[in-house]
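Using the hints, position chains R and E against chain F.
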Amino acid sequence: MACKFISNEDTNKWLEALAKDHVVFVPVEDGGSVTFRPFAEGRKPVLDRMPVRSPKEAVFPQTETLLTYKYEKDPENPERTAVSIKETLPRERAVVFGARPCGTRGMSVFDKVFDNDRIRDPYYATRRENTLYITLACDKVESTCFCHEVGSGPADTTCSDVLLTPVQGGFAAEAVTERGGKMLEASFFADGGDKCAEAEAVKKATREMLGEAHDYSDAPEKLMAAFDDDEFWEEQAAGCINCGACTYLCPTCYCFNITDEPTGTTGKRVRTWDTCMSFQYTLEGSGHNPRTVKASRLKNRVNHKFAYIPDTYDKHIGCCGCGRCIKSCPASVDIRAIVKAAQARSVKKESK
Amino acid sequence: MQALAELKDQIRKALPELDVVIGWQQGYDALHTRPLFIRSEEDIDKLVVNEFCVVNPSSYLREMRGGKKVGLVLKGCDSRSVIQLIQEELLNKDDLTIFGFGCNGVLNHAKLQARFGDIGYIESAESDGNTVNLVVAGNKETAPFAELCAEKCLTCSYPNTLQCSHFAGEESDKKAEAAQDKALEEFEQLSMEERFAFWQDQMRRCIRCYACRNACPMCVCKDHCLANSRQPKWLSEDVDVQNNFMFQMIHVMHLTGRCVECGECERACPMDIPIMLLRRKMAGIVRDVFAYNAGTNAEDTSPLMRFEVEEPTIEERH
Amino acid sequence: MSGSTGLLTEGQDLRIVGFLCNWCSYGGADTAGVARFEQPTDLRVIRVPCSGRIDPLFIARALLSGADGVLVSGCHPRDCHYAEGNFYARRRLEMLKQFLSVTGIDPERFHYTWVSASEGQRWQDVVTSFTERIRKLGPAPKMSGGTGYDEECLKEIAAAVSLGEQCPCHKEKA
Numbered sequence: 001m002a003c004k005f006i007s008n009e010d011t012n013k014w015l016e017a018l019a020k021d022h023v024v025f026v027p028v029e030d031g032g033s034v035t036f037r038p039f040a041e042g043r044k045p046v047l048d049r050m051p052v053r054s055p056k057e058a059v060f061p062q063t064e065t066l067l068t069y070k071y072e073k074d075p076e077n078p079e080r081t082a083v084s085i086k087e088t089l090p091r092e093r094a095v096v097f098g099a100r101p102c103g104t105r106g107m108s109v110f111d112k113v114f115d116n117d118r119i120r121d122p123y124y125a126t127r128r129e130n131t132l133y134i135t136l137a138c139d140k141v142e143s144t145c146f147c148h149e150v151g152s153g154p155a156d157t158t159c160s161d162v163l164l165t166p167v168q169g170g171f172a173a174e175a176v177t178e179r180g181g182k183m184l185e186a187s188f189f190a191d192g193g194d195k196c197a198e199a200e201a202v203k204k205a206t207r208e209m210l211g212e213a214h215d216y217s218d219a220p221e222k223l224m225a226a227f228d229d230d231e232f233w234e235e236q237a238a239g240c241i242n243c244g245a246c247t248y249l250c251p252t253c254y255c256f257n258i259t260d261e262p263t264g265t266t267g268k269r270v271r272t273w274d275t276c277m278s279f280q281y282t283l284e285g286s287g288h289n290p291r292t293v294k295a296s297r298l299k300n301r302v303n304h305k306f307a308y309i310p311d312t313y314d315k316h317i318g319c320c321g322c323g324r325c326i327k328s329c330p331a332s333v334d335i336r337a338i339v340k341a342a343q344a345r346s347v348k349k350e351s352k
Numbered sequence: 001m002q003a004l005a006e007l008k009d010q011i012r013k014a015l016p017e018l019d020v021v022i023g024w025q026q027g028y029d030a031l032h033t034r035p036l037f038i039r040s041e042e043d044i045d046k047l048v049v050n051e052f053c054v055v056n057p058s059s060y061l062r063e064m065r066g067g068k069k070v071g072l073v074l075k076g077c078d079s080r081s082v083i084q085l086i087q088e089e090l091l092n093k094d095d096l097t098i099f100g101f102g103c104n105g106v107l108n109h110a111k112l113q114a115r116f117g118d119i120g121y122i123e124s125a126e127s128d129g130n131t132v133n134l135v136v137a138g139n140k141e142t143a144p145f146a147e148l149c150a151e152k153c154l155t156c157s158y159p160n161t162l163q164c165s166h167f168a169g170e171e172s173d174k175k176a177e178a179a180q181d182k183a184l185e186e187f188e189q190l191s192m193e194e195r196f197a198f199w200q201d202q203m204r205r206c207i208r209c210y211a212c213r214n215a216c217p218m219c220v221c222k223d224h225c226l227a228n229s230r231q232p233k234w235l236s237e238d239v240d241v242q243n244n245f246m247f248q249m250i251h252v253m254h255l256t257g258r259c260v261e262c263g264e265c266e267r268a269c270p271m272d273i274p275i276m277l278l279r280r281k282m283a284g285i286v287r288d289v290f291a292y293n294a295g296t297n298a299e300d301t302s303p304l305m306r307f308e309v310e311e312p313t314i315e316e317r318h
Numbered sequence: 001m002s003g004s005t006g007l008l009t010e011g012q013d014l015r016i017v018g019f020l021c022n023w024c025s026y027g028g029a030d031t032a033g034v035a036r037f038e039q040p041t042d043l044r045v046i047r048v049p050c051s052g053r054i055d056p057l058f059i060a061r062a063l064l065s066g067a068d069g070v071l072v073s074g075c076h077p078r079d080c081h082y083a084e085g086n087f088y089a090r091r092r093l094e095m096l097k098q099f100l101s102v103t104g105i106d107p108e109r110f111h112y113t114w115v116s117a118s119e120g121q122r123w124q125d126v127v128t129s130f131t132e133r134i135r136k137l138g139p140a141p142k143m144s145g146g147t148g149y150d151e152e153c154l155k156e157i158a159a160a161v162s163l164g165e166q167c168p169c170h171k172e173k174a
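Residue numbers (full-length UniProt numbering), protein chains in the order written: chain F, 1 to 352; chain R, 1 to 318; chain E, 1 to 174.
One or more hints might be untrue.
[Said to hold, decoys possible] Listed below are the simulated SDA-like cross-link pairs for lysine to any residue, each with C-alpha atoms no more than 20 Å apart in a straight line: (1) F:140 / R:141; (2) R:111 / F:32; (3) F:140 / F:13; (4) R:222 / F:281; (5) F:13 / F:42; (6) R:8 / R:26; (7) F:340 / R:200; (8) E:142 / R:202; (9) R:233 / F:280; (10) R:68 / F:28; (11) F:140 / R:112; (12) R:222 / F:288; (13) F:203 / R:121; (14) F:140 / R:318; (15) R:222 / F:17; (16) F:44 / R:201; (17) E:136 / R:318; (18) R:233 / E:46; (19) E:142 / R:200; (20) R:111 / F:143; (21) R:182 / E:104; (22) R:233 / E:53; (23) R:182 / F:32; (24) R:233 / F:204; (25) F:204 / R:121; (26) R:68 / F:293; (27) F:340 / R:111.
Quick caveat, the hints were computed from the structure, so don't treat them as lab data.
In isolation and in its complexed conformation, chain F is listed as follows:
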């Protein structure tokens, strides 16, 4: 693929230029952790490590107002109350800069759920269409990285518009989409030349650092076989404390809640992230809760990623392998180990 080159200095200028007509989300140092924040003068992008928060929030923010409403009493007839509603469709154009390939890949799960033949979520779809992803390939790996095991890799281009690869003095840039190609027409980019070969070498070296990939292809059937094995799930969930850190930081977790938040006679309908780790997630109006214990909640999270999504969407694993859920877990619960245990469990059973 044709590749271009942008120097470190020009990258900053490019960001400044993009910020003129886009909200540019860049990873920045934010109180000790790295999060995506809008680019502004004096904000230095942090590109040498993976942001704690995932890039999904640019398209799927934690709290999103769907509409605002107002009750108005009819002065002629006090019994009657009229309600006026104003929808608040997003309008901004955005760029997500410096997300890792795993995080960007997360959007592929969102796309399947929020924008398909049957459903088009206007809030999601509008933001998605107006958001460009400039992804940064990895040149280092962490102990929690496993993108290569879930069908991705350190230079995966899924859902990206542009892929940058760190090379000496700057980045090698390749266009993935047409829109990405247009971006690379900016004056900051020079011809790639021998940087392209260097980029390929970086990609190859990073992939090698990850080592051999574990095969999760039989995970859906093995996990479903373990579905009713309560003992197995209790053992796996023993350390889990049922907080929502894993799901809120996950690039592919898309569950949400919709509530009306009133303030006197006015209010707003908000969509907020929800987490299947919480008791309230499945709590029914009647008071019944089908998932009362943490084992069944953890089972849902693992199965959703490694069984339900692959079953529904043509074997596409619902996990992008970024490792955020492992790294940020207060109890070091490891989703890889759980799936592997489920795979091994069946082997044990069969050999009996």
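The following block gives chains R and E in isolation, referenced to the frame of chain F:
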């Protein structure tokens, strides 16, 4: 480590009488341990005791009520939460077997990360109690233990497990490095406006995952927390600064006179928000006004559960 | 509780919330009213059965939701209608009073005291001096904004994307 061998021995002997023993085992990399639930002999060898045993095993006790015989391997700070739970009659002392040891402090992952880039790039870390030797992306590094350990270890007065049934190894003679909480003292140098701005900025980073609450051994309401209640509704579903801070107020107020300062809330926070400042402040006030240290005496009564007709330590408010 | 937050929006008047116990302080306020003692009008009174009913979180929430001051008043110690409610309240309220400073909310914005039903004159003094104190402090700073974006960010976004009359950022201006 001698203590570890002794601990394993003690657990092996006690296990037939117990449903489970909670301790630590090696996690997914050299820097992480995860909780270990020993139910059978073969689990005992997985037990590890080192400076990465950060989790407070007593946080899992709330799930184990109802007559289960539970064993716990606890650091000194962890054991305070058990004492407090017994005091509040949320646990039955007779159901518990506590395995104690002398703790020399635990490391703080957030501090490691702040100093060496990313925790994921640190390949190994070993400590002899005074210095920590690390390998970061292939390079060897050393740092003093006191600069990388958990904040609570700097002011720790309980390095040895309290009220334990079994004690392994030698007692730790680790002394508190400072009597005062330096971080809190520094924070209180700030003006009111600066403090307000500080929390405004910190709460902006909060994702309301409730890891702080769920990691807290004293948060016994479990799935029925006020924060999730719709009626009455204390918090909006909006994840914004105001609601996030209100949740912190809820947690602090509900822990007044109960917080044992184990630091699990701050450690669990995926965004590394220094929420222990709030807890330590409150615990300090309880100490000042009521001369009460939560989780040190199971026979005592928490100061907010009792009163004096004359309160000599409370200034009369006109 | 209405379930709303930010009920107290920017206004010119001070917003002072008063939690008064039914048996003493509410009576005291009534006595002051009947005697036509002049009082400032910034106080919004919430009557509660006993000062022991007051969860310190009521106060925290009022302050976080934009109240400029919170005044709590109950029966004098030893004089509680329920014998000991105010003894518990005293401990709880003292804890909050001393805690507030670390949050950056000025502890002067919160005051608790005791007024009996016959003390109309005292009630007038309490309300007047507390209101005076809050007037001097001025409107309380507000905790506001969504997560992920600080004020600076919001400005940046608004400037960068001036499309339509709707606020374009993920957070609406309110």
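Consistency of the hints with the structure:
In summary, the hint linking residue 140 of chain F to residue 141 of chain R is supported, as the alpha carbons are separated by about 19 Å, within the 20 Å threshold. Our distance criterion of 20 Å between C-alpha atoms is met by residue 111 of chain R and residue 32 of chain F, whose separation comes to about 9 Å. Between residue 140 of chain F and residue 13 of chain F, the direct Cα distance comes to roughly 25 Å. Violation of the 20 Å bound is thereby established for this hinted pair. Distance check on the hinted pair: residue 222 of chain R and residue 281 of chain F sit about 14 Å apart at the alpha-carbon level, within 20 Å; holds.
Only pairs whose Cα atoms come within 20 Å are accepted, and residue 13 of chain F paired with residue 42 of chain F is accepted, the gap being roughly 12 Å. Straight-line distance between C-alpha atoms of residue 8 of chain R and residue 26 of chain R comes to about 15 Å, which keeps the hinted pair within the 20 Å bound. Proximity of residue 340 of chain F to residue 200 of chain R is assessed by CA-CA distance (about 42 Å); at most 20 Å being required, the pair is judged violated. For the hint linking residue 142 of chain E to residue 202 of chain R, the alpha-carbon distance of about 15 Å falls within 20 Å, and the restraint holds.
As the CA atoms of residue 233 of chain R and residue 280 of chain F are separated by approximately 14 Å, the hinted pair is consistent with the 20 Å bound. Between residue 68 of chain R and residue 28 of chain F the CA atoms are separated by roughly 48 Å; this puts the pair beyond 20 Å, and the hint is violated. Simply put, residue 140 of chain F and residue 112 of chain R have alpha-carbon atoms about 18 Å apart, close enough for the 20 Å limit, and the pair holds. Taking the CA atoms of residue 222 of chain R and residue 288 of chain F, the gap is about 17 Å. The hint holds against a cut of 20 Å.
For the hint pairing residue 203 of chain F with residue 121 of chain R, the CA-to-CA distance comes to about 18 Å; that is within 20 Å, so the pair holds. Between the alpha carbons of residue 140 of chain F and residue 318 of chain R the distance comes to roughly 64 Å, so the proposed pair goes past 20 Å and is violated. Pair hint residue 222 of chain R plus residue 17 of chain F does not hold up; C-alpha atoms about 49 Å apart against a cutoff of 20 Å. Using a Cα cut-off of 20 Å, the hinted pair residue 44 of chain F and residue 201 of chain R holds, with the two alpha carbons roughly 18 Å apart.
Between residue 136 of chain E and residue 318 of chain R, the direct Cα distance comes to roughly 19 Å. Compliance with the 20 Å bound is thereby established for this hinted pair. The hinted pair formed by residue 233 of chain R and residue 46 of chain E meets the criterion: a straight-line CA distance of about 18 Å does not exceed 20 Å. Restraint check for residue 142 of chain E and residue 200 of chain R: satisfied, since their Cα atoms lie roughly 9 Å apart, inside the 20 Å limit. With a CA separation close to 18 Å, the supplied pair residue 111 of chain R and residue 143 of chain F stays within the 20 Å bound.
For a cut-off of 20 Å, the pair hint linking residue 182 of chain R to residue 104 of chain E stands: about 18 Å separates their Cα positions. Annotation: proposed proximity of residue 233 of chain R to residue 53 of chain E holds, straight-line Cα distance about 17 Å (limit 20 Å). As the CA atoms of residue 182 of chain R and residue 32 of chain F are separated by approximately 19 Å, the hinted pair is consistent with the 20 Å bound. Between residue 233 of chain R and residue 204 of chain F, the direct Cα distance comes to roughly 54 Å. Violation of the 20 Å bound is thereby established for this hinted pair.
A hinted pair counts as satisfied when its Cα atoms are at most 20 Å apart, and residue 204 of chain F with residue 121 of chain R qualifies at roughly 19 Å. Simply put, residue 68 of chain R and residue 293 of chain F have alpha-carbon atoms about 17 Å apart, close enough for the 20 Å limit, and the pair holds. Distance hint between residue 340 of chain F and residue 111 of chain R is unfulfilled; the C-alpha atoms sit about 32 Å from each other, more than 20 Å.
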